[in-house]
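Protein sequence lines, in the order shown, are assigned to chains A and B. Residues in the first sequence are numbered from 2 upward in steps of one, following our numbering. Residues in the second sequence are numbered from 8 upward in steps of one, following our numbering.
Simulated from the structure, these hints should not be mistaken for lab results. Be aware that one or more of the hints could be misleading.
What the hints assert, rightly or not - Some chain B residues flagged as far from chain A (calculated, every beta-carbon gap over 12 Å):
hint: 1; residue: 34
hint: 2; residue: 64
hint: 3; residue: 141
hint: 4; residue: 208
What the hints assert, rightly or not - Chain B side only, calculated, beta carbon under 10 Å to chain A, not exhaustive:
hint: 5; residue: 86
hint: 6; residue: 120
hint: 7; residue: 123
hint: 8; residue: 131
hint: 9; residue: 132
hint: 10; residue: 133
hint: 11; residue: 142
hint: 12; residue: 143
hint: 13; residue: 144
hint: 14; residue: 148
hint: 15; residue: 168
hint: 16; residue: 253
hint: 17; residue: 255
The C-beta atom is built at its ideal place from N, Cα and C for all residues, glycine as well.
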Amino acid sequence: MTAIAPLNRRRLPLSDLTRLSTVGLRTRKLRAGLSALGIAIGVAAIVAVLGLSASSRAGVLAEINRLGTNLLTVSNGQSLTGGTVDLPTIAPGMISRIGGVQQVQSTGEVIGANAYRTPYIPSVDTNGLTVQAASLDLPPVLATAVAQGHYLDAATAREPVAVLGAAAAQLLGFDRLYPGERIWVGGQWFYLAGILKPAVLAADIDTSVLVGYPAARKYLGFDGHPSTAYLRADTDQVIAVDNLLAATANPENPSEVNVSQPSDALVAQADAKSALNGLFLGLGAVALLVGAVGVANIMIISVHERRSEIGLRRALGATRKHIRTQFLSEAILLALLGGAVGVALGVAATAVYAHVEHWATIVPAEAWAGGIAASLIIGAVAGLIPALRAARLSPTQALWSV
Amino acid sequence: MTSPPPPTPHDNAIAARNGSAIRGARTPVLEVHDLAKSYPGEPPVQALGGVSLTIGPGELVGIVGPSGSGKTTLLQLMGTLDRPSSGHVRITGLDVATMPDNEVTYLRATRIGFVFQQFFLAEHSTVLDNVADGLLYAGVPLTERRERALDALELVGLAGRPRARPTQLSGGQRQRVAIARALVGQPAIVLADEPTGNLDQATGHAILALIDELHRAGSTIVVVTHEHAIVERMPRKVEILDGHIVADTGPAADADLGPLDERCTRAPQRSPRTSGSEEPS
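Let's have the full structure, built from the sequences with the hints guiding it.
Written out as structure tokens, the structure is:
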């Protein structure tokens with residue numbers, strides 16, 4: 002009985018199977034293309050959504066890396082009773098003595114002082130701007146720089162001179178800085194020295210009007226307590242420094258000091274998945290489903306139209322399994338074709354958008370591999386019933402009812 | 008290419024299963040015994056009622072009968088495309104009734120060639136590949152399939168156009184391609200169902216001449232038709248009516264009656280040529 006085994010294993014070589022499974026696609030190209038389109042769109046949507054979110058994350062991370070991840074901030078916290086606890090005035094000096102700290106800069110919020118374009122602006126229209134006393138080397142520590150004009154220096158820090166954060170300049174209506182330009186701060190004119198570029202790592206600086214410490218004391222009644230200290234640590238010492246900061250900044254009440262690493266917050270933000278992603282993934286899945294129905298439909302029609310071919314193949318000695326395999330692989334091939342086009346479209350969309358945004362193009366392996374795998378499974382499922390139908394067709398019915 | 012192929016291990020396996028070894032060259036190529044077929048219905052339709060027929064190697068047999076006589080059913084059963092309600096079909100001594108579907112298809116792939124009225128050629132592939140497809144399911148590699156297809160095309164006089172598409176050919180040429188496809192596997196028997204049914208008279212005669220030529224070269228061929236003129240002077244003529252054989256001239260004693268096409272040309276046209284499809288009777 003074992004001698005019969007080769008008969009049962011009479012199997013078409015892969016080359017023949019490939020040729021057979023492209024018969025339908027080659028003879029009806031337009032139809033094949035259209036029916037693969039649904040799957041292509043679905044896969045493209047999914048690949049593009051995953052690719053774009055991965056690329057945007059990579060873009061943000063690259064930006065963070067450029068800005069440095071070794072920036073730590075120490076800010077005044079709250080006491081048990083809810084009141085703000087000021088940092089000691091010596092806190093920046095203390096912090097700078099921790100090993101591994103490269104540079105310390107600080108700002109102190111000037112309570113009660115608001116900035117206006119002119120004295121005639123109603124006092125409630127503060128634009129949400131804060132007035133801060135700032136130390137003299139603040140921009141480099143925040144990885145930002147002056148966009149126009151100059152930053153504060155030892156001389157201007159003593160005079161009624163201010164530097165605007167990027168958003169503050171916009172809110173006050175300064176596009177360009179002309180000599181002699183001034184703003185109304187805390188009841189007197191302050192001359193503008195410069196405007197800063199956006200500070201990604203310290204967004205509150207963007208909406209601040211910065212003045213020198215001495216000027217703040219002299220003109221605005223500032224008490225001299227810093228509210229936030231910004232420091233750069235050696236990259237390999239960041240954690241060690243982090244652990245020492247609270248106790249160093251305020252040895253009396255270490256628990257009333259907030260220590261944070263701004264880059265962490267940005268990374269978390271980059272990782273947070275947009276709600277729109279879910280929506281687009283869902284739409285992609287629906288397109289895939291519709292595509293699957295399209296492929297199944299086309300295959301059923303194809304089986305019906307190709308009855309004589311099926312009958313002839315049976316007459317030439319094809320087994321039911323040969324017929325089943327032929328039509329199943331045709332459906333899989335059709336879906337794979339759609340999947341491949343979809344991956345290409347999705348990658349192209351990602352690449353174009355990433356290029357525009359100056360991100361690196363990243364398409365996660367699970368996106369394109371998943372797209373291909375999904376279309377393979379869809380093809381197999383959608384092709385199953387048509388293939389079974391084709392195989393069930395009796396040769397006499399197929400040949401003599403044409 | 009004329010005698011049944013030498014037994015392969017597969018054949019022996021089939022033969023062993025059937026309780027008989029491959030017999031000698033005198034074994035009938037096709038034997039049907041008490042073959043009956045009825046189709047379900049109210050009442051059931053009796054298409055064939057107890058037909059027995061033995062066809063030896065090298066015979067050319069014309070089976071003739073009007074529509075509904077059961078001749079197409081007989082061809083389907085002889086070609087193992089359908090299973091009989093009762094009775095036996097033996098192809099080169101192998102009883103089809105006891106074989107699983109898998110082995111029957113292998114039998115078709117290796118021992119039976121079909122020629123149909125509608126040709127059934129694949130329009131998207133070349134003449135050569137259409138013919139080569141006759142060997143697709145016999146487990147022959149592609150290059151060998153094409154080589155043998157060229158040989159078969161030579162037999163039918165189309166060796167010059169292997170790269171042509173069927174759509175570029177005339178009806179007669181298409182039927183020649185279909186005949187080449189039936190012959191390419193060197194089958195023990197070729198079954199032709201109304202091979203001239205879709206062709207004009209002159210082309211039909213040319214096809215009959217080809218069939219005659221192939222017969223002279225040793226092929227075993229059965230032609231099923233409703234046209235008496237076609238089978239009139241074939242070496243053996245079997246007439247079927249209402250599911251029974253009503254006349255059988257018996258195996259010819261190797262008589263040479265002259266070329267078949269002339270015989271047909273001389274024969275009177277008894278029935279009008281119909282090109283419509285034959286309902287399975």
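Practice prompt. Compare the structure with the hints numbered earlier in the document and write down the numbers of the violated ones, lowest to highest.
Written response: Numbers 3, 10, 15, 16 and 17 - these are the hints that the structure violates, sorted from lowest upward.
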